[in-house]
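Undergrad: Each protein sequence line maps, in turn, to chains A and B.
When the first sequence is numbered by the working numbering, its final residue is 669 and no position is left out of the sequence of numbers.
When the second sequence is numbered by the working numbering, its final residue is 544 and no position is left out of the sequence of numbers.
Since the hints were derived computationally from the structure, they do not count as laboratory data.
On a predicted model such as this, the values are computed, not experimentally measured, just so you know.
Don't take each hint at face value.
Derived DEER-like restraints, expressed as beta-carbon distance ranges [claimed, not checked]:
id: 1; chain 1: B; residue 1: D500; chain 2: A; residue 2: T490; range: 43 to 49 Å
id: 2; chain 1: B; residue 1: E383; chain 2: A; residue 2: E550; range: 52 to 58 Å
id: 3; chain 1: A; residue 1: D407; chain 2: B; residue 2: S429; range: 21 to 27 Å
id: 4; chain 1: B; residue 1: E534; chain 2: A; residue 2: P372; range: 33 to 39 Å
id: 5; chain 1: B; residue 1: G396; chain 2: A; residue 2: G510; range: 19 to 25 Å
id: 6; chain 1: B; residue 1: G426; chain 2: A; residue 2: L273; range: 26 to 32 Å
id: 7; chain 1: B; residue 1: L386; chain 2: A; residue 2: T473; range: 36 to 42 Å
id: 8; chain 1: B; residue 1: G503; chain 2: A; residue 2: D263; range: 57 to 63 Å
Cβ atoms here follow ideal geometry from the backbone N, Cα and C, with glycine treated the same way.
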Amino acid sequence: MADLIDVAHGLDVETLRKDFPLLAQEVNGHPITYLDSAASSQRPHQVLDAMREYDETTHANVHRGVYRIAEEATHRFEAARVAVGRFIGAPNPSREILFSKNATEGLNLVANTWGRTHLHPGDSILLTEMEHHANIVPWQMLAEERELSIRWIPIDDDGALILDDLERLVDGVKLVGITCMSNVLGTLNPVGDIARVAHAAGAVVVADGAQSVPHLPTDVSTLGCDFLAFSAHKMLGPTGIGVLWGRDELLTPLPPFLGGGEMILDVRKEGFTPNDLPWRFEAGTPPITEAIGLGAAVEYLQAIGMESIRAHEISLTTYAMNTLAERFGDDIRIFGPKDPIQRGGVLSFAYRDIHPHDVSQILDQYGVCVRAGHHCAKPLMRRLGVNATARASFALYNNESDVDALADALAETGAFFG
Amino acid sequence: MAGLEDLYREIILDHYRSPRNRGELPSPPAQRVEGFNPLCGDEIVVTLEVNDGSVSDIKIGGTGCSISQSSASLMSAAVKGKPVTEVRDLIRTFKGMMSIHESTLPGKDSQDEADTEAGEAQLLDVDSLGELAALQGVVKFPVRIKCATLSWNTLAQGLDEAESETGPAGA
Ligand SMILES: Cc1ncc(COP(=O)(O)O)c(C=O)c1O
């Protein structure tokens, strides 16, 4: 059945797995079963090769030298920016795509530039209960400094946002921060619907795309948000680089984030003149090799097609939810939406009363890599009434054998703890 | 390769399944301290009573994994009724055991054992730890060390707070 779906969408997982050197490894005598792509994904050799080729043939600092390789490096760096922008449908990629260190830094950038110029004592912002700390703490820091109040969109027991009360919640709010996809529950949030209500109330919408951009087709021209942050390392790219997209008209009047080289047009003893978009927000030497890697990752994802990737992950999530329910019944509790269409390929679960740390320790013995912990979403953990969960997450290179390995190792875990 | 049996010794599983000194003492008079493992969200609550320079009673609350829970349970059994000075020594010895490099742990090849006997073992009287020595395999699983030391750090903080209120033990 799943094979048919794969064939229908042309995703040949067995072949593309060969692109990922790490997946050929064994752990503790078992083939590795990597189920932690929501934390960080593996990289295909196309990405690794592109970075190496750049380093070996072209590397120089960007936007500085007039010699040939420096010019070529600048050209390739800026080409990566445009490729990433096209990948998410940015109307004006060469101005609206800001390279950051990661999604976290992108969100901090919004808080420190847009937030500091638009939020004043007594103002309110609205977040959801399922945000990652990266989209909570920057706002709490600003709230403390600026005496802002923070409101929360609650979730229901299936892990969906409760939006019945949205108009009242959003009334008088200046900013809405919302994750496109929960890194714990997998919930896909109706960003467009929320943005419509938020915009009608005069609020700006900051979306956290760290989990959605790697797994779903993304088009910021229709998504509805005003800012979108994500990280390369969760989308087959390297660590050390992330992206913040912002609407040109919102970014243009903003002050710089960090100060230094690159971000200025002129510096005198009396002061400085900030650079144009996007460099105003990229102080210092940027992650150049990493940008080349991200560009290659985007190319790889596009060649496969985000629609196919999404279809594959729905089919795999369905298989996983059915397999776990069949084999473990009431012993397993999967958090989040029951319908795989309404979620991404992220399965947080509780297995009997065995602590997630212990679950993942035993799974590791069988080469199965899952994450155990609070997943940087402690307000959500409190809402769910748990300290931690175990989380298996999928990417395009996972297959049904991975799910079977997880289920087999879980059965061993149950036997071990008796 | 470190095997699961190094980590999950029978004593550990026993203390995990039936933890000793579970609960909370009324506070006050008991000293109440909370410890958090920011990595996994585990929380531990240690309540203890210090009388005449001794830990006269201790209870453990909170939730956590088998390692943090069994370590707390073993700790409570080991320190209850002991003079504070002895308890502090025990904390030091236990934390010392948790920071030895894997290669110096007994049970490796004989060269390692010789080194251990010559070096660390003198500083670190693992035998004095009794049942607590069952936790030494945790060192082979570095991410779990924080689980094992959580309750001990919390206890140390509780002793500090108790003493800052009543003066040093034995004074
Ligand atoms: C939903 C979500 N937002 C933000 C982040 C932060 O990403 P990074 O650590 O790459 O900044 C993550 C990653 O864990 C995430 O899952």
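Undergrad: Each hint should be assessed against the structure and marked as holding or not.
TA: Here is what the structure says about each hint:
no.: 1; hint: B/D500 x A/T490: 43 to 49 Å; result: holds, 45 Å
no.: 2; hint: B/E383 x A/E550: 52 to 58 Å; result: holds, 54 Å
no.: 3; hint: A/D407 x B/S429: 21 to 27 Å; result: violated, 48 Å
no.: 4; hint: B/E534 x A/P372: 33 to 39 Å; result: holds, 37 Å
no.: 5; hint: B/G396 x A/G510: 19 to 25 Å; result: violated, 55 Å
no.: 6; hint: B/G426 x A/L273: 26 to 32 Å; result: violated, 56 Å
no.: 7; hint: B/L386 x A/T473: 36 to 42 Å; result: violated, 54 Å
no.: 8; hint: B/G503 x A/D263: 57 to 63 Å; result: holds, 58 Å
Violated hints for the displayed structure, listed by number in ascending order: 3, 5, 6 and 7.
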